[in-house]
Amino acid sequence: MSAVGVPLRRPGIRLVSVDDGGELRRGDEVLCRLNVSAVALWVLCDGATRIDEIIDAVCEISGRPVEVVSVEVEATLADLRRNGVLDLLDDVGEHDPA
Amino acid sequence: VDIVDAVIAVIIADSSALERAAVAAALAERGFSVVGTVNGVEELLPAVRGRAPDVVVLVDPLPLVEACVVLKAMSAPPRVVVVSDRRDEQAVLAVVEAGVDGFLPSDTTPDSLGETIRRVAGGEASIPGELLGALLRGLIQRRREEDAAMVLFNRLTRREREILRLLADGNDQDGIAGALHLSTNTARTHVQNVLRKLEVRSRVDAVALARRHEWFDRFGPSAGRPGGEGP
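Protein chains in written order, with our numbering: chain U, 180 to 277; chain R, 39 to 269.
Bound-form chain R, shown alone (with noise of 0.2 Å):
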């Protein structure tokens, strides 16, 4: 059975009782199963366990980023559907890298909450038009910067990538040189190459710029690029 001409299970998840009650009612006599309304994240990864609803309806000031990051992570995630005033690129940008699956503004008709349930159910995405092209350049522009922030960490030799690891663990010159049996000098050394191959300033600078592009999450100190020990 298609999904889209099956009855879609929903759960709710607003702060506002008067709301959930309201949204409950209006999806309701649209042909919608609310199988559950929560008031918080606490409450909403145990509710979609039980009930194991088609969509999830978000209504803002939840934390929509976080709440979408923990469904997503799901091993059957739900389809998400953000209600939100929040029109800026990068708030909603935020979201739709977060997983959701459809954006509304908060003042949308209980009619365009329920299209935008079905085709979302339907395996559709869907944002409003006038957010489109300002999301696409967002994108754009975050892959980009990844790109060439990958093109500067791959400059990085195996052992830079360790100096790297040991400068964001707080360690100075005498504890790199401690930490990797070097002498002060070539300990040096090494975090100034660093510095000039990432082309920043600083250290803070440096260790900045790796935990932004999450690269020892991604990479870890050990991962080293071909060819292994450079100079």
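Excised from the complex, chain U in its bound form (with noise of 0.2 Å):
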């Protein structure tokens, strides 16, 4: 995955709080846990947010260099997308945000 592309939550799923972060569930099915980080990158995950924008705003948030940020944040969305819950569209607009 590149940093550029639009991360849209899969619809039906929906975010559960725990202590040390999130879940990930469709019903009571318990699909994948997200670190707190990752949950502050689900929320962002609404189908009208660019990566390269979140890219952005996580490097001026934590001060750490966009080479080391954008390959975390492709590392998290990359397994969001495995994990069934998250899709990559093309452009903003492409589909109605979440």
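Warning: the hint list may mix true and false statements.
The following label-pair restraints were derived from C-beta to C-beta distances [as the list claims (entries may be wrong)]:
1. 225(U) / 246(R): 45 to 51 Å
2. 153(R) / 209(U): 25 to 31 Å
3. 44(R) / 250(U): 25 to 31 Å
4. 231(U) / 64(R): 37 to 43 Å
Pairs of lysine to any residue, SDA-like flavour, derived with a Cα cap of 20 Å [claimed, not checked]:
5. 110(R) / 238(U)
6. 110(R) / 239(U)
7. 110(R) / 244(U)
8. 110(R) / 241(U)
9. 110(R) / 258(U)
10. 110(R) / 89(R)
11. 110(R) / 85(R)
12. 110(R) / 243(U)
13. 110(R) / 161(R)
14. 235(R) / 203(R)
These are computed hints drawn from the structure, not numbers from a lab. Where is the CB? At the ideal position from N, CA and C, for every residue including glycine.
Combine the two chains into a complex, taking the hints into account.
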């Protein structure tokens, strides 16, 4: 995955807070667990926010270099896609924001 | 010597004398070197200049944004941790944009404060997880607004930027005409073009837009776009 595209949460999946992050569930089934950083990213996967915007904002808050942040963000999004909870759109507006 | 392996020097800024003493004692117990405590922003800068702490802990209700800005403007700024009950996105976003490195709620434990100080002294940022999503969203929204505003600003010719500056200085059409040696009708046309290009309804809105995005400070009236004079 490169730093282009717009991540979008798949419908029917809800985030449940747990002590050290969150769980993504479909009904009662736990699909995956997220740490606090991944929870923050998940919130931004609304079909209207580009990956490069997410990376820039994480860089600003964390003060870490874009080379490091982009690898982490892209890895997290790739995990979410592998877990079947996230799609990656080409452009803003391809789908209505979640 | 890596800073996380060295004794970390800390200054505590807190308007409550009791809290200052308690926080200083708790940090000293955990191996930090508390090199100063101050009760306000006025005392903070001299203390930081004189004692060069690695980390400054700012405790609400100090003016957190003002203090962060002052500290981060120093030639060798310390890392900054804020302890505050403010949980609203805008308030936290403001201190993050001012350069704060760590943010903790007021009901934090001494151990959490110590851990946060070690993390920020080591170059990391430390923001509560429950605030991260809202903060990121706020930052992204602000950047989008800045980008959209720049599109509007870039529509203006050099002359129209001068007109905008003169409007901000309180000039009416006659004043603009006199300052730029134009006819009143020409000045009026320029003003109308400025409002149209900025997509605002009034001169007040145009000036407010320029000030909100700090165009005068960032670019000045003479910062003409490539291509020079326009219509």
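Against the structure, the hints:
no.	hint	verdict
1	225(U) / 246(R): 45 to 51 Å	violated (30 Å)
2	153(R) / 209(U): 25 to 31 Å	holds (29 Å)
3	44(R) / 250(U): 25 to 31 Å	holds (29 Å)
4	231(U) / 64(R): 37 to 43 Å	holds (42 Å)
5	110(R) / 238(U)	holds (17 Å)
6	110(R) / 239(U)	holds (14 Å)
7	110(R) / 244(U)	holds (19 Å)
8	110(R) / 241(U)	holds (15 Å)
9	110(R) / 258(U)	violated (37 Å)
10	110(R) / 89(R)	holds (16 Å)
11	110(R) / 85(R)	holds (14 Å)
12	110(R) / 243(U)	holds (17 Å)
13	110(R) / 161(R)	holds (15 Å)
14	235(R) / 203(R)	holds (15 Å)
This entry does not satisfy hints 1 and 9, going by the numbered hints stated previously.
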